[in-house]
Amino acid sequence: MKFYFLLIFLAFTSLSSFSQTINDHTVYLDSSFNVTTAENYKYIRIIKDFYIPNKQVFPIEVYYKSGKIQMKGATTTGNVNDKIGTFVYFYENGKRKSLSNFNKGMLTGNHFKFYENGNNKEAGVYLDKEKSSERYYKLISLWDDNGTEIIVNGEGVKTEENENFSESINYKNGYKDGLSQHINKKYNYSLTETYENGRLISGEQKKSNGEIFTYTELERKPLPKKGMEHFTNFIARNLKITSSPGSISGRIIIKFIVDKEGKIVDPEILKGMENKIDKEVIRVVTSYGHWIPGEQRGEKIRCQFVLPLSIR
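The sequence shown begins at 8 in my numbering and counts up by one.
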């Protein structure tokens with residue numbers, strides 16, 4: 008399996024400073040990549056040409072506070088979740104951290120990781136036909152930081168331990184198989200999972216406070232209790248835009264959080280129209296009833312949801 012070597016050694020130029028124009032959209036991010044203020048940021052995200060009408064692809068870049076490049080890629084909507092093409096992530100020293108490919112926001116094709124010293128770390132492939140399962144990703148090779156290959160052609164045991172976590176995962180034919188154990192020292196929880204040919208059979212998450220979550224799915228997305236069609240129909244029925252018919256047409260992208268209780272909170276217009284229309288969209292979306300909250304490894308979590316709406 009040598010299909011990946013041509014890509015691994017491609018050269019990428021690392022930028023040491025960033026530039027902006029009046030058509031670019033700039034967002035300040037904290038250490039967890041949440042939106043913050045210009046006084047407290049750790050990263051800065053620039054979506055190029057965001058305010059140019061009828062654009063199809065928007066280059067996107069993220070920089071460290073030092074001005075060093077952290078990520079380069081592109082999106083189809085101006086929203087960071089709608090990735091397309093090649094994305095390259097960098098360490099602050101300018102070395103590549105990872106290289107991935109996206110289509111319609113989904114990982115696809117070859118995927119690579121690198122150590123901070125520049126050595127190869129991981130090579131695998133995302134399989135389009137397996138997007139609905141844990142077998143979506145197939146590991147091909149894994150190296151230690153000295154360059155020794157410890158998983159060859161998808162066979163071997165991945166063991167890793169540092170100040171933040173320790174784990175042991177058995178791979179067979181590129182997929183997790185058998186017992187997988189992970190101890191997170193930073194956030195004080197442990198995972199014990201059983202896989203068969205890459206498919207999760209069962210899992211148990213233990214928290215430091217004694218809570219135990221069991222699961223048979225790694226994650227569940229949040230959903231309106233009456234379904235997505237009911238939610239979008241509710242918006243269409245309840246939007247009140249006072250204007251003559253046919254005089255308003257456009258697209259709005261709204262982002263919100265579905266919290267652990269299933270409530271819609273923290274709405275934000277990513278791409279809007281007129282101020283009064285944007286406010287009306289926020290009013291209607293947040294007036295909708297409860298959702299089924301998202302879950303990760305059996306535990307309810309806050310989930311971000313991005314919704315594009317066509318106004319006609």
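Don't read these hints as lab results, they were simulated from the structure.
In this text the structure is predicted, and so the values were computed from the model without any measurement.
All C-beta atoms in this analysis are idealised placements derived from N, C-alpha and C, irrespective of residue type, glycine included.
One or more of the hints may lead you astray.
Label-pair ranges, simulated between beta-carbon atoms [said to hold, decoys possible]: (1) S173 - R244: 19 to 27 Å; (2) N245 - K213: 41 to 49 Å; (3) K192 - T43: 25 to 33 Å; (4) E226 - N126: 25 to 33 Å; (5) G112 - K72: 26 to 34 Å; (6) R244 - E224: 28 to 36 Å; (7) A243 - D273: 21 to 29 Å.
With a straight-line Cα cutoff of 27 Å, these simulated DSSO-like cross-link-like pairs (lysine-lysine) come out [stated by the list, open to error]: (8) K267 - K79; (9) K267 - K214; (10) K145 - K72; (11) K104 - K165; (12) K193 - K267; (13) K262 - K213; (14) K145 - K228; (15) K307 - K283; (16) K286 - K232; (17) K165 - K102; (18) K232 - K102; (19) K247 - K233; (20) K228 - K267; (21) K278 - K247; (22) K62 - K286; (23) K233 - K192; (24) K55 - K111; (25) K120 - K192; (26) K213 - K233; (27) K165 - K145; (28) K49 - K128; (29) K111 - K145; (30) K262 - K278; (31) K247 - K214; (32) K145 - K120; (33) K307 - K213; (34) K232 - K120; (35) K214 - K233; (36) K283 - K193; (37) K232 - K193; (38) K128 - K145; (39) K192 - K165; (40) K283 - K62.
Results of checking the hints against the structure:
1. S173 - R244: 19 to 27 Å: Between S173 and R244, where Cβ atoms are some 53 Å apart, the hint is violated.
2. N245 - K213: 41 to 49 Å: holds (44 Å)
3. K192 - T43: 25 to 33 Å: About 27 Å separates the Cβ atoms of K192 and T43, which means 25 to 33 Å holds.
4. E226 - N126: 25 to 33 Å: Holds, since E226 and N126 (Cβ atoms, about 31 Å apart) stay within the stated range.
5. G112 - K72: 26 to 34 Å: holds (27 Å)
6. R244 - E224: 28 to 36 Å: With a Cβ separation near 33 Å, R244 and E224 satisfy 28 to 36 Å, so the hint holds.
7. A243 - D273: 21 to 29 Å: Roughly 23 Å apart at Cβ, these two residues keep to the hinted range, so it holds.
8. K267 - K79: violated (32 Å)
9. K267 - K214: It holds: about 17 Å lies between the C-alpha atoms, which stays within 27 Å.
10. K145 - K72: violated (34 Å)
11. K104 - K165: OK: K104 and K165 at ~19 Å, within 27 Å.
12. K193 - K267: holds (22 Å)
13. K262 - K213: violated (31 Å)
14. K145 - K228: holds (23 Å)
15. K307 - K283: Violated. K307 to K283 sits at ~34 Å, over the 27 Å cutoff.
16. K286 - K232: holds (24 Å)
17. K165 - K102: holds (24 Å)
18. K232 - K102: Between K232 and K102 the Cα gap is close to 46 Å, so the pair fails against 27 Å, i.e. violated.
19. K247 - K233: holds (22 Å)
20. K228 - K267: holds (12 Å)
21. K278 - K247: holds (19 Å)
22. K62 - K286: Cα-Cα ~24 Å, so holds.
23. K233 - K192: Outside the cut-off at roughly 39 Å; violated.
24. K55 - K111: holds (18 Å)
25. K120 - K192: Status holds; Cα separation ~23 Å.
26. K213 - K233: This hinted pair is violated, its Cα atoms lying about 32 Å apart.
27. K165 - K145: Roughly 14 Å separates the two Cα atoms, so the pair holds.
28. K49 - K128: Holds, at roughly 26 Å.
29. K111 - K145: Holds, because 20 Å separates the two Cα atoms, which is no more than 27 Å.
30. K262 - K278: Cα-Cα ~9 Å, so holds.
31. K247 - K214: violated (46 Å)
32. K145 - K120: Distance ~14 Å between K145 and K120 Cα, so the pair holds.
33. K307 - K213: holds (14 Å)
34. K232 - K120: Outside the cut-off at roughly 39 Å; violated.
35. K214 - K233: violated (32 Å)
36. K283 - K193: violated (45 Å)
37. K232 - K193: violated (35 Å)
38. K128 - K145: holds (15 Å)
39. K192 - K165: At roughly 18 Å apart (the allowed maximum being 27 Å), K165 and K192 satisfy the hint.
40. K283 - K62: It holds: about 24 Å lies between the C-alpha atoms, which stays within 27 Å.
Violated hints for the displayed structure, listed by number in ascending order: 1, 8, 10, 13, 15, 18, 23, 26, 31, 34, 35, 36, 37.
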